[in-house]
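With chain A's structure known, arrange chain B on it following the hints.
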Amino acid sequence: MLIKVTSVSFSGLSTIKIDVEVNIAERGLPTFDIIGLPNKAVAESKERVRTALINTGISFPMRKITVNLAPGDVPKDGAFYDLPIAAGILSETECFEIPGSTLFFGELSLDGSLRHTKGALLAALFAKEQKIKKIFVPDESANEATVVGGIEVYPVKTLRQLISYFKSETAIFPAHSESSTEKREHIRVEFDMSEIMGQEQAKRALEIAAAGGHNLLMTGSPGAGKTMLARALPGILPLLNDEESLEVTKIYSSSGNIPPGGSLIRSRPFRSPHHIISQAGLVGGGSHPQPGEISLAHRGVLFLDEFNEFPRSVIEALRQPVEDGRLTISRSLERVTYPSRFILVAAANPCPCGYLNDSTKECTCTRKEISRYRKKLSGPILDRIDLHVEVPVVDIKKLAESLKGPPRPESSEKIRERITSAREIQKKRFSGEEIHTNSEMKNRLIRKYIKLDNESRALLLHASKSFSLSARSYLKIIKISRTIADLAESEKIKTEHIAEALQYRPGIA
Amino acid sequence: MMKAGCIDIKSSEYPPLLKMISDPPEKLYFRGNWDPGIFTETLSVVGSRKNTGYGQIITENLVSAVSVSGITVVSGFMYGTDAAAHQTAVDSGGKTVAVMPCGIMRIHPEHQESLYRKMLLKNSIAISEYEGDMQPARWTFPRRNRIIAALSPALLVIEAGIKSGALITANYAKKYERRIFAVPGPLTSSVSLGTADLIKKGAYIVTCADDILGFYGRFYPFTNPDAFSEKDEYSKSDYVLKILSEEALSIDEIARKALKPVSETGSDITKLLIGNKVIQKGGLYYLNRGGKRC
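Protein chains in written order, with this note's numbering: chain A, 93 to 601; chain B, 2 to 295.
What the hints contain is simulated information worked out from the structure, not anything from laboratory work.
Worth double-checking, as some hints may not be accurate.
Restricting the straight-line Cα-Cα distance to at most 30 Å, the calculated cross-link-like pairs of lysine-lysine (BS3-like) are [what the hints assert, rightly or not]:
1. Lys202/B to Lys460/A
2. Lys220/A to Lys96/A
3. Lys506/A to Lys123/B
4. Lys490/A to Lys175/B
5. Lys201/B to Lys453/A
6. Lys453/A to Lys258/B
7. Lys164/B to Lys460/A
8. Lys453/A to Lys467/A
9. Lys557/A to Lys237/B
10. Lys453/A to Lys202/B
11. Lys261/B to Lys584/A
12. Lys261/B to Lys557/A
13. Lys164/B to Lys586/A
14. Lys453/A to Lys261/B
15. Lys282/B to Lys489/A
16. Lys460/A to Lys119/B
17. Lys489/A to Lys259/A
18. Lys468/A to Lys282/B
19. Lys453/A to Lys176/B
20. Lys490/A to Lys123/B
21. Lys176/B to Lys164/B
22. Lys543/A to Lys282/B
Which stretches of chain A does chain B cover? Using the computed rule of at least three CB atoms under 8 Å from a CB of chain B, they are [said to hold, decoys possible]:
23. 118 to 125
24. 286 to 292
25. 459 to 468
26. 545 to 556
Label-pair distances were calculated between CB atoms; the ranges are [claimed, not checked]:
27. Ser451/A to Gly94/B: 33 to 39 Å
28. Gly94/B to Thr452/A: 38 to 44 Å
29. Arg139/B to Pro314/A: 45 to 51 Å
By construction, the Cβ of each residue, glycine as well, lies at the ideal position given by its N, Cα and C atoms.
Pulled out of the complex, with its shape left as it was, chain A reads as follows (with noise of 0.2 Å):
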């Protein structure tokens, strides 16, 4: 007897339909095989489904049963055919039928309940892609699996549960997305930008970075609060809208990033991998490609802090995403392709010690550890980065007493406004072009869409001089104050507005 049942199978972020079919002999010896490319996980699969089985209460049929996963050319990964092969294997021996048009989806535990499976959301897509109406998960994923609208997402506890309703002798309602109740106004910031103190400018580098979406670098002592400022970054970048979240969400589910009962990101994520990170996971990799931390951080912050920490090989890796927002890994089986728009903060110390500048203490380092340091700290990653800020460690006793005065520093909710404003002037800017904000802009965009004035022309050239620009850093310049004048909604680039760009340019210290 053979029973087919329509299950999924991921490579990266796309899917493809895998039949898994069930046969039971009623000849030849009880053995019980996985065949199609199963790895490791899917191999294993056999004993979970065994023992859920008996101890759901069923008798396992002593007979010889084969399990094929097709197309048999295609790797398989994942516990989640657990459920399409106990389903398989139940509709024979419990005598029911698997309707039609019906996905199955979850990975069983020995007791025969069903686990959180990463994936929950890729697989939802996928069924709706292929107009199947019913998808069967587990409980814990339905919650993911029902930000899909339009296809009916059954949560399973127990195997007992899914025989009983396929016997009609109980009924199992299919979820409804807890996610439409919550709205996309209520996210909580984490770090707000009124509960830092002092700092002014590199807050004003981080709004600048949010509206334009450029890339920064903050130098400053230890304890200076370059960790703080940049997590309160994705608090005043604009929200994400439906398509956004779903980007970030499908990501999260196929790295199983998303907790039990999880549903649909509605925050901007915020990824801080430490420096003893390997490229693959920075980037992503693996023999079945896994998204890396850049990928985490789609649509978010991706901080490293003690940039110049990181090994060389591992901060390279870094520059294609940065330029492109995706990366394809390409290995021999398979090559995925993974998004990675993110703002990049990296974070350093300005010298071996930390302390040279600092007003409080004294820098032990020489000369050359200093400028061997500063080496480490440049090359082809740092061209990507337009802003540069110092983060000096803040002075309470000054701060306190300036602050007497002057009004408590501006809410991360008060800033989005701005830059979300900036935002919207940019995407009606490049309208007709494939970037959205003004830090994708490469040379071509820059010359048709950027018109200088003599007088600001004058006072860049004059900057370039005094300050030795390189032709690159005259280029970032123009980007930032295009930026900043989009902040201040002006459709022209004043002096003004190029005279605070440079503020942010790179190598001073």
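The following block gives chain B in isolation, referenced to the frame of chain A:
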């Protein structure tokens, strides 16, 4: 390309001031174009290896005024104040003498090779009492300092720690009865304590280039445009100059004091920076007072 040679103590071209001390080098090795005229009017400049932004600015201000007046600047070619002094002298078109702590064929520290080449190209010289490519040693630095002190009628100490090579040089200068000038600095800075000590013990305090030039019977030939006189395009950012005239501050502090958004202050200060009205060193902004007053 780089000429090298040796001057014997018996030679008439041997620097006369150096000959007067009790233990002058028997042979003085040099690199560059030897011209005994370079030693006729000299000022020795020493300071901390770890000079602060303040020290850097003072070095630039004083040395440029001294250099422009035609006085040769003698220093030790170490990084920090020494390098700043040599660099400024070369940049102002003046002459400078580097007294090396190592064999004459060696450049120490190595990473300042470009400065070394630039100096020699501009008719300045490097000298040493050691031949060949001898490595510098702990004891060669203080020995070298006696030459720096001896070569000039006056010694300018920009910044010095309480136990520092600059103070060793100052002790030699005292022994040789040279005039000692010391630059006052904030007492919170460890590299201003040595100079404060010198002043306490009777060194001449320097507050402007004329203090030094007066010793040589000169005065600073240029009147610097006063930072506050040009009203036109800077009038908008006058508040920055006013705030900075009290003390050097970071941009955040300036904005806070002026009660203005940092975006506006940043914009204003960049214009002042381009206009050379303020100087940026080590994360702080200083008012550019030129060489007239430091």
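- prompt: Does Lys282/B lie within 30 Å of Lys543/A when you go C-alpha to C-alpha?
  reply: Answer violated: Lys543/A to Lys282/B is near 33 Å, above 30 Å.
- prompt: Are the Cα positions of Lys220/A and Lys96/A separated by 30 Å at most?
  reply: This hinted pair holds, its Cα atoms lying about 19 Å apart.
- request: Would you check chain B against the stretch 545 to 556 of chain A, counting CB to CB pairs closer than 8 Å, and say if three or more residues qualify?
  value: holds (count 3)
message: Check the hint pairing Lys453/A with Lys176/B against an upper bound of 30 Å on the C-alpha distance.
response: Not satisfied, since the Cα-Cα distance of roughly 35 Å exceeds 30 Å.
message: Run the distance test for Lys557/A versus Lys237/B: straight-line Cα separation, threshold 30 Å.
response: Given that 30 Å is the threshold and the Cα spacing comes to 23 Å, the pair holds.
- prompt: Straight-line Cα separation of Lys164/B and Lys460/A no greater than 30 Å?
  reply: Judged against 30 Å, a Cα distance of about 22 Å means the pair holds.
query: Has the given pair, Lys176/B with Lys164/B, been kept, meaning a C-alpha gap of at most 30 Å?
result: Holds, because 18 Å separates the two Cα atoms, which is no more than 30 Å.
task: Quickly compare the C-alpha distance for Lys202/B and Lys460/A to 30 Å and report which way the hint goes.
output: Judged against 30 Å, a Cα distance of about 34 Å means the pair is violated.
field: Restraint status (C-alpha distance of Lys490/A to Lys175/B at most 30 Å)
entry: 41 Å, violated
query: Residue count check for the stretch 286 to 292 of chain A against chain B: does it reach three with CB-CB under 8 Å?
result: This one holds; 3 residues, not fewer than the three required, reach chain B with a Cβ under 8 Å.
- prompt: Honestly, do Arg139/B and Pro314/A meet the 45 to 51 Å range at C-beta?
  reply: At roughly 32 Å between Cβ atoms, Pro314/A and Arg139/B fall outside 45 to 51 Å, so the hint is violated.
task: With a cut-off of 30 Å on the C-alpha distance, tell me whether Lys453/A and Lys261/B pass.
output: Judged against 30 Å, a Cα distance of about 29 Å means the pair holds.
Going down the numbered hints, you'll see the structure goes against 1, 3, 4, 13, 17, 19, 20, 22, 23, 29, while the others check out.
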